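> In case you want the letters, here they are:
There are 2 protein chains.
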Amino acid sequence: MADVYPNESTTDGSAAPSITTGAIRGSHKIHHSTESGLRVPARRIELSNGEHLDVYDTSGPYTDDSVGIDVHQGIHPLRRGWTDGREHRTQLESARQGVVTREMEYIAAREDLSPEFVRSEVAAGRAVIPVNRCHPETEPMIIGKNFLVKVNANIGNSAVTSSVEEEVEKMVWASRWGADTIMDLSTGSRIHETREAILRNSPVPIGTVPIYQAMEKVDSDPAKLTWEIYRDTVIEQCEQGVDYMTVHAGVLLRYVPMTAQRVTGIVSRGGSIMAAWCLAHHRESFLYERFSELCGILRSYDVTFSLGDGLRPGSIADANDRAQFAELETLGELTHIAREHGVQVMIEGPGHVPMHKIEENVRREEELCGEAPFYTLGPLATDIAPAYDHITSAIGAAEIGRAGTAMLCYVTPKEHLGLPNRDDVKTGVIAYKIAAHSADLAKGHPRAQERDDELSKARFEFRWNDQFNLSLDPDTARAYHDETLPAEPAKTAHFCSMCGPKFCSMKITQDVRDYAAKHGLDSVEAIDAGMREKSEEFAASGGEVYLPMAE
Amino acid sequence: MADVYPNESTTDGSAAPSITTGAIRGSHKIHHSTESGLRVPARRIELSNGEHLDVYDTSGPYTDDSVGIDVHQGIHPLRRGWTDGREHRTQLESARQGVVTREMEYIAAREDLSPEFVRSEVAAGRAVIPVNRCHPETEPMIIGKNFLVKVNANIGNSAVTSSVEEEVEKMVWASRWGADTIMDLSTGSRIHETREAILRNSPVPIGTVPIYQAMEKVDSDPAKLTWEIYRDTVIEQCEQGVDYMTVHAGVLLRYVPMTAQRVTGIVSRGGSIMAAWCLAHHRESFLYERFSELCGILRSYDVTFSLGDGLRPGSIADANDRAQFAELETLGELTHIAREHGVQVMIEGPGHVPMHKIEENVRREEELCGEAPFYTLGPLATDIAPAYDHITSAIGAAEIGRAGTAMLCYVTPKEHLGLPNRDDVKTGVIAYKIAAHSADLAKGHPRAQERDDELSKARFEFRWNDQFNLSLDPDTARAYHDETLPAEPAKTAHFCSMCGPKFCSMKITQDVRDYAAKHGLDSVEAIDAGMREKSEEFAASGGEVYLPMAE
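If you're matching them up, the sequences are chains A and B in order. Following full-length UniProt numbering, the numbering of the first sequence begins with 1 at its first residue and continues without gaps. Following full-length UniProt numbering, the numbering of the second sequence begins with 1 at its first residue and continues without gaps.
Hints are not guaranteed to be accurate.
If chains are identical, the list can't say which one is meant, so a pair holds when it fits in one copy or spans any two.
Claimed, not checked - Straight line, CA to CA, 27 Å or less: simulated DSS-like cross-link-like pairs of lysine-lysine:
#, residue 1, residue 2
1, K357, K518
2, K357, K443
3, K518, K224
4, K29, K217
Simulated from the structure, these hints should not be mistaken for lab results. No experiment lies behind these values; they were computed from the predicted model shown.
Modelling step: build the complete structure from the supplied sequences, incorporating the hints.
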């Protein structure tokens, strides 16, 4: 999704957006303090009945009205000093040694779980905390199937017209709406500066695909890639603070022919680069051969591997095929090697998969890769709806999230067609927050349903402003409502536009409740008993009424 | 969704849209002939490689360039005369007697199945053919779990500014994009004329909720409803040609208290009307008491029951609760009574249901209602995304469709917020075509994947126009692409805007294929064997390369 073409446009038509700041409508930033005094952010939605709901917050200082923003300065390096005095260990190594790091404590508060539980999941490799020591700006977060399902958004630079503000704004915009991590897929000559600007301003972990930058150094000829060029690129990015890196080390020479008769061959850019390299040199790739060395580098920064699925299916026809699962086996081998090195690992997954083949992906991944967090791109549940692939893939994403995928990489409406603009990015993030939350509900995450319940109560009580503010996108919910009933008093009116004032099902339900209240029937059982009595009286006086159809 | 407020707007801002006619871009109407000479429509998508794909077509004569349209005249009454000389039987009765009706023959051709299979599914009650004998304009279609999953779109009149053209256009617009049936939820004084205009111009079955019109006759006071008023309304609508009717006969007096402590009480308008009636009169409703009489009326027109779920959950919290399943049991009883009368039946379902509770709905419905076709409203998989409920519900719809639901009632982005405009209707229909098709793929419908495969091949071969034309919405797919690469030559360019000309994964895959071809390796096995040989040579010369990480 690298923005090779420059016609990015903004909602209001301006060319270079400034940074979006200020709280999301109807809410404000708060901080909870942990036992050891860490300040953990949340977003507080105030309700008109005097109550409030605190929700998980990915937006960083940009939505904190008490913090000034200067993108040339960068945001506050929250974690600076956290690792001082701590041995040079990764989160995985610390967890294995029984140490609860500050990151784990922070995450425990964010997810409302115990620090010990966080530690144990990291120790088991079932969860990762992508926090490069050189990215102190990160607000620690966790990716694992026993935590809230996370969402990643991809961004990329515009080759021609890019400014620091513009690039940073893409990250700010996506995380404002709920992106838990951002992948920077920028290309071109200013790739280093762009990434630097994003990292110094990002409160969420940043992922990259280092092979893209390495390709820049060899004039985009895969055959010219070498271990040395790649290694230096990885070190450069580690030093900058990249938190996780996609590495397509599972594309083996012998797997390449398995793709030749696919409907859509190899669709992963990284995968096809490595396949081309293997074919050109007729040997296994330097990513595979030098994997141990790579582990050593990532370990020293605590950068997390995101083992790429270079042979993922690009169409329904190719889902769950031999090439895909062969590569997954190799990713399993590599997972165990990385863990031996103390490096955190997650596994990337498809792509395009019909619904009935989705669960098998998760089961195999868990089995082969020791339950390393699965991180999937969608998948799209059908190929036939370009322009709506945020929807086709939200269907697959909800399904695979429910089955145990820990992070979902978003897809925008422009997938397969062009470059997403600002509105597309927001639409993609919201669609994926829906998928992730649907999965959280299905998995029975203890607090997930709170927000549904609060919103539904507000809806039922005609507290329109509360309904908007509790929604994933208060601005759009309000705007849609106002198209039909724009007057402010309507926000508290006891009817909605669908049925109008005379004809409202919710009003009739209220009458039912009032009836129960009037007769002193204040519990389900009491109402039931009270009404059954009346019904029985009635039945006794004309019992046939109850069996009118038994001819 | 009755349009009480008149601010419906059109894409181009005009007040009263004329009827949309003309083929969908990149395709044209064709007809296949059945053995007995029935002409069955399909939409032929012509491809640039000389091939074509015929797809199921719901759009009627409006996309047939050889047919003139005059909404005051109505469309050709295709089925006029089909029932002449046939005993006054319903499709269910005919099927049971072993008779393959013309409707079944027509449907068999549409769905590419045998007429005998269609007959047997109807005979078993597992499928319904909603065709009122007074609606000869209907192109016969079938609803059942062993057929393509169908989509319904709701429309409703604008109380103030409505013209015949405007009302007909809503139906034409929704069926153009794939709605298999339309429910007319109009209210107000011109309800009869509006319905007449829709029926005389509709090639798809029309459903209604007669209680809405009955309410108009009693000044919207549920307590004043009577069997006589309701019965006369039903007969009026049967005479006009309504193909299926929602009847909330399962709302029993004793179930009402079960809703009093729900988060969102009763959210079905029909359900709350009947609950209010039961409370006011302290007896079972006339719908339940007079159900047999109602069966007699529907039988004589072959109108299909759509037994309404008046107590469906309106929130995640209320899903699968006692009230919902109690009503479903009653719907099961009523299903068997209707079938004894020879009347076709489908069952309406929720609503709002988290993913893990979806399948239970289908299993219970099938068990209690003798596998009568299930017809669900979404369900929404979460409550927290008003303005995106076409997505929250497409997730639930795909899941419930996969589990066996036969028809999905669409939800638009304006659900819970206001009245859908033209764009919302299209978005809702497309989102539901995605859900239905995803379910068809998951259920292994024999021909469902053809379209995915054709589109993916076109995508991989950079046949951009074919990719657009094969998609559910060619206009939007093309427009999104053209935002980035508007020049016409780009439509056949061997790269796409995501990666640009130098850096394209699909091009690299082509190189892989070329490599295989150059070495005469033309099957997966041959390529595999040929390359394995080379790999083995390589391994023999430096085997450690293959185990670089085994420290």
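> For every hint, state whether the structure bears it out.
Verification of the supplied hints:
1. K357 with K518: Neither. Shortest intra-copy (54 Å) and inter-copy (34 Å) distances fail the 27 Å Cα cut-off.
2. K357 with K443: Both: 19 Å inside a copy, 11 Å across copies.
3. K518 with K224: Result: close only across copies, 22 Å inter versus 83 Å intra.
4. K29 with K217: neither (43 Å within a copy, 53 Å between copies)
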